[in-house]
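One line per chain: the protein sequences are P and D, in this order.
The opening residue of the first sequence carries number 70 in this note's numbering; numbering runs sequentially from there.
The opening residue of the second sequence carries number 117 in this note's numbering; numbering runs sequentially from there.
Calculated from the structure, these hints are not laboratory results.
We put the beta carbon where it would ideally sit given N, CA and C, even for glycine.
Careful: at least some of the hints might be erroneous.
[Claimed, not checked] With a straight-line cut-off of 30 angstroms between C-alpha atoms, the simulated DSS-like cross-links for lysine-lysine are:
#1 D/Lys-289 x D/Lys-206
#2 P/Lys-94 x D/Lys-171
#3 D/Lys-187 x P/Lys-98
#4 D/Lys-269 x D/Lys-290
#5 P/Lys-98 x D/Lys-185
#6 D/Lys-141 x P/Lys-236
#7 P/Lys-128 x P/Lys-215
#8 D/Lys-285 x D/Lys-341
#9 D/Lys-171 x P/Lys-139
#10 P/Lys-94 x P/Lys-139
#11 P/Lys-228 x P/Lys-155
#12 P/Lys-246 x D/Lys-141
#13 D/Lys-187 x P/Lys-83
#14 P/Lys-236 x P/Lys-139
#15 P/Lys-215 x D/Lys-141
#16 P/Lys-128 x D/Lys-187
#17 P/Lys-139 x P/Lys-83
#18 D/Lys-185 x P/Lys-94
#19 P/Lys-128 x D/Lys-185
#20 P/Lys-98 x D/Lys-171
#21 D/Lys-171 x P/Lys-128
#22 P/Lys-228 x D/Lys-141
#23 D/Lys-341 x D/Lys-257
#24 P/Lys-246 x P/Lys-236
#25 D/Lys-187 x P/Lys-82
#26 P/Lys-82 x P/Lys-215
#27 D/Lys-394 x D/Lys-237
#28 P/Lys-83 x P/Lys-155
#29 P/Lys-236 x D/Lys-171
#30 D/Lys-171 x P/Lys-215
#31 D/Lys-171 x P/Lys-228
#32 P/Lys-83 x P/Lys-94
#33 P/Lys-83 x D/Lys-185
#34 D/Lys-237 x P/Lys-139
#35 D/Lys-187 x P/Lys-155
#36 P/Lys-139 x P/Lys-128
#37 D/Lys-171 x P/Lys-155
[Unchecked claim] A few chain P residues facing chain D, derived, Cβ under 7 angstroms:
#38 Phe-93
#39 Lys-94
#40 Tyr-97
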Amino acid sequence: MDLLDQNLWLGLKKGNQTALEMIFKTHYKPLCSYAYSFLNDKDEAEEVVQSSFISLWEKRDTISIQTSFKSYLYRMVRNACLNTIKHEKVKKLYADQEKLTGEPIHEAVSEGLLTTELETRILNAIQVLPEQCRLVFQLSRFEELKYQEIADQLSISVKTVENHIGKALKIMREELKDYLPLFILFLGNFID
Amino acid sequence: MAHETEDIDNLIGNVLAGEATADEKESVAQWINQSDHNRAYFEHLQLIFDKASSKNIQLQVDADAAWQKVKIQLRQPTPKEPTNYWTVLKIAAGIVWLGFLVFMFFQNRVLEEQNQRLVIKTDKQTEQDTLLDGSTAFINKKSKLVFTYDAKKNVRKVTLNGEAFFTVKHDIKKPFIIEAEEVLIKDIGTEFNVKAYPEDSIVVVNVSSGEVQFYTANNPGLHLKAGEKGIYDKALKAFSKILKRDTNVLAYKTKTFTFKNSDLESIVTSLNDAYDAKISIANEVIRKCRLTVNFNNDRLETIVDVIAETLHLSVTKTGDEVIFSGAGCNN
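If we strip away everything but chain P, and leave its shape as in the complex, we get:
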């Protein structure tokens, strides 16, 4: 944990709302993107991140951080997302009820939410990945965890992590195949 993070964390533990605000404003956007990669719904993603911060505030006394502050935030949001997905069935039921009562149903619209089309397509490609493969890929790319850390957290071997990452890349390339060559023309110099 660097010094600023450590100070913010100590401030948060002491019940300093400004510390929470600073943490919130630094990490809100990337955390929302991360949540979006799970939920594929902007409002839901924001809701999950917001309520994660509220529970972080409420549990600040009991929380102790072993690794880094940032990875704690990402793990917190990831778990909240996985819980949300778990309850998707319940949500669907609720949505059906809404339909019956004539309430408008919110349709997830990806377009316009992200800065570039490539980002949108990459996020859509992540949705296509098999569940475990997708989770491993997200832990690696969004939480920036090492293979060993992913293996530890998911109780799988490092070799399995390796396979999932390789598989994820392969599937996503397949998904983006028709789109990518164009991009290489633009970014060719940049990559080398």
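Got chain P sorted already, so can you dock chain D onto it with the hints?
Same frame as chain P, now just chain D:
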């Protein structure tokens, strides 16, 4: 070939994730150089890998607006659910009430009255105690305080023999009355001191805050306000009011003395009272020596030394007796 492709995906993954060994890096480099197709493939994976990160995928959200939403939902320090807390309280109150009913059922009146009685007796020590009604009393040495609550008349009554400082929980429906010697003090406010030792010729009441009525059965007496002092002369059966605040009234409680141009004689009296000390003055000429000094919870020895030093007096100590002597003062 299919097998090889799967392997190469893993190897490229390792390279991109920074998890590759030197050998793996080498074989990926070789594979890339084999063909343009391989190079393009690697570049595709690299692009996907780089772009699919929290740095590069930025959802268009408004963090400021979101914070405003979160902020209003933050509960300040109380982490417990108030509803749960209330439930616990309600249950606790229910149990207490049930216990009380059972108690009332089985106890006769005599026992009940005894239970409403509190006796505090001090000898060589002062004592601070909370009375049954939640009021507090700081009781000076050699004093006796009996607190009773008459449920029928709804009166809180204290019988005082000696000196005590009261902080009364005011309740207009349950008057707080102190009986000291033959006088009565009825609280109309909160804090006051009562000095009523049987051997003294007077009873003194000092009001720190609020108001009290200082009276006897036949005499309506005095209405004392904060800062006022009332004296009752037992022999004359007369009340008098002194408006000047006596700064050292509570010295027995606080051990804080403020002497302002005070003569040695009264200083010694105050100290003897508060510390239960035996300080005496050997020479008549020094009795009227005057001194301005503050002591704040100091040890008696320190105070004696300071006085002697300031007034150029000698101190003789024999056992617990302290004697000041000297040839007189300039002032």
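Hint check results:
Note on D/Lys-289 and D/Lys-206: the hinted pairing holds, with a Cα-Cα distance of about 26 angstroms set against a maximum of 30 angstroms. Simply put, P/Lys-94 and D/Lys-171 have alpha-carbon atoms about 15 angstroms apart, close enough for the 30 angstroms limit, and the pair holds. For the suggested pair D/Lys-187 and P/Lys-98, the alpha carbons sit about 17 angstroms apart, so the restraint of at most 30 angstroms is met. Annotation: proposed proximity of D/Lys-269 to D/Lys-290 holds, straight-line Cα distance about 8 angstroms (limit 30 angstroms).
Simply put, P/Lys-98 and D/Lys-185 have alpha-carbon atoms about 15 angstroms apart, close enough for the 30 angstroms limit, and the pair holds. A hinted pair counts as satisfied when its Cα atoms are at most 30 angstroms apart, and D/Lys-141 with P/Lys-236 qualifies at roughly 18 angstroms. For the hint linking P/Lys-128 to P/Lys-215, the alpha-carbon distance of about 27 angstroms falls within 30 angstroms, and the restraint holds. Restraint check for D/Lys-285 and D/Lys-341: satisfied, since their Cα atoms lie roughly 17 angstroms apart, inside the 30 angstroms limit.
Taking the CA atoms of D/Lys-171 and P/Lys-139, the gap is about 13 angstroms. The hint holds against a cut of 30 angstroms. Between the alpha carbons of P/Lys-94 and P/Lys-139 the distance comes to roughly 13 angstroms, so the proposed pair stays at or under 30 angstroms and holds. Between P/Lys-228 and P/Lys-155, the direct Cα distance comes to roughly 27 angstroms. Compliance with the 30 angstroms bound is thereby established for this hinted pair. Proximity of P/Lys-246 to D/Lys-141 is assessed by CA-CA distance (about 25 angstroms); at most 30 angstroms being required, the pair is judged to hold.
Restraint check for D/Lys-187 and P/Lys-83: satisfied, since their Cα atoms lie roughly 17 angstroms apart, inside the 30 angstroms limit. At roughly 27 angstroms between alpha-carbon atoms, P/Lys-236 and P/Lys-139 fall within 30 angstroms of each other, so this suggested pair holds. For a cut-off of 30 angstroms, the pair hint linking P/Lys-215 to D/Lys-141 stands: about 17 angstroms separates their Cα positions. The hinted pair formed by P/Lys-128 and D/Lys-187 meets the criterion: a straight-line CA distance of about 15 angstroms does not exceed 30 angstroms.
At most 30 angstroms may separate the alpha-carbon atoms for a hinted pair to count; P/Lys-139 and P/Lys-83 meet this at roughly 19 angstroms. Taken as a hint, the D/Lys-185 and P/Lys-94 pair is honoured in the structure, with Cα atoms around 13 angstroms apart against an allowance of 30 angstroms. Between the alpha carbons of P/Lys-128 and D/Lys-185 the distance comes to roughly 19 angstroms, so the proposed pair stays at or under 30 angstroms and holds. Between P/Lys-98 and D/Lys-171 the CA atoms are separated by roughly 10 angstroms; this keeps the pair inside 30 angstroms, and the hint holds.
Between D/Lys-171 and P/Lys-128, the direct Cα distance comes to roughly 28 angstroms. Compliance with the 30 angstroms bound is thereby established for this hinted pair. Only pairs whose Cα atoms come within 30 angstroms are accepted, and P/Lys-228 paired with D/Lys-141 is accepted, the gap being roughly 17 angstroms. Our distance criterion of 30 angstroms between C-alpha atoms is met by D/Lys-341 and D/Lys-257, whose separation comes to about 26 angstroms. Of the supplied pair hints, the one linking P/Lys-246 and P/Lys-236 holds, its CA atoms being roughly 15 angstroms apart against a limit of 30 angstroms.
The suggested pairing of D/Lys-187 with P/Lys-82 holds, with an alpha-carbon distance near 16 angstroms, which does not exceed 30 angstroms. Our distance criterion of 30 angstroms between C-alpha atoms is met by P/Lys-82 and P/Lys-215, whose separation comes to about 28 angstroms. Taken as a hint, the D/Lys-394 and D/Lys-237 pair is honoured in the structure, with Cα atoms around 23 angstroms apart against an allowance of 30 angstroms. For the given pair, P/Lys-83 sits about 34 angstroms from P/Lys-155 by alpha-carbon distance, which is inconsistent with the 30 angstroms threshold.
Only pairs whose Cα atoms come within 30 angstroms are accepted, and P/Lys-236 paired with D/Lys-171 is accepted, the gap being roughly 22 angstroms. Our distance criterion of 30 angstroms between C-alpha atoms is met by D/Lys-171 and P/Lys-215, whose separation comes to about 17 angstroms. At most 30 angstroms may separate the alpha-carbon atoms for a hinted pair to count; D/Lys-171 and P/Lys-228 meet this at roughly 26 angstroms. For the given pair, P/Lys-83 sits about 19 angstroms from P/Lys-94 by alpha-carbon distance, which is consistent with the 30 angstroms threshold.
Taken as a hint, the P/Lys-83 and D/Lys-185 pair is honoured in the structure, with Cα atoms around 22 angstroms apart against an allowance of 30 angstroms. Under the criterion of a C-alpha separation no larger than 30 angstroms, the hint pairing D/Lys-237 with P/Lys-139 is inconsistent with the structure, at around 63 angstroms. Straight-line distance between C-alpha atoms of D/Lys-187 and P/Lys-155 comes to about 28 angstroms, which keeps the hinted pair within the 30 angstroms bound. Proposed proximity of P/Lys-139 and P/Lys-128 is supported: the alpha carbons are some 17 angstroms apart, at most 30 angstroms.
For the given pair, D/Lys-171 sits about 27 angstroms from P/Lys-155 by alpha-carbon distance, which is consistent with the 30 angstroms threshold. For P/Phe-93, the interface hint holds, since its Cβ comes within 7 angstroms of a Cβ in chain D; the closest pair sits about 5 angstroms apart. A least Cβ separation of about 5 angstroms between P/Lys-94 and chain D falls short of the 7 angstroms threshold, and the interface hint therefore holds. Annotation: interface hint on P/Tyr-97 holds; nearest CB of chain D at approximately 4 angstroms, less than 7 angstroms.
Comparing the model with each numbered hint stated earlier shows that hints 28 and 34 do not hold.
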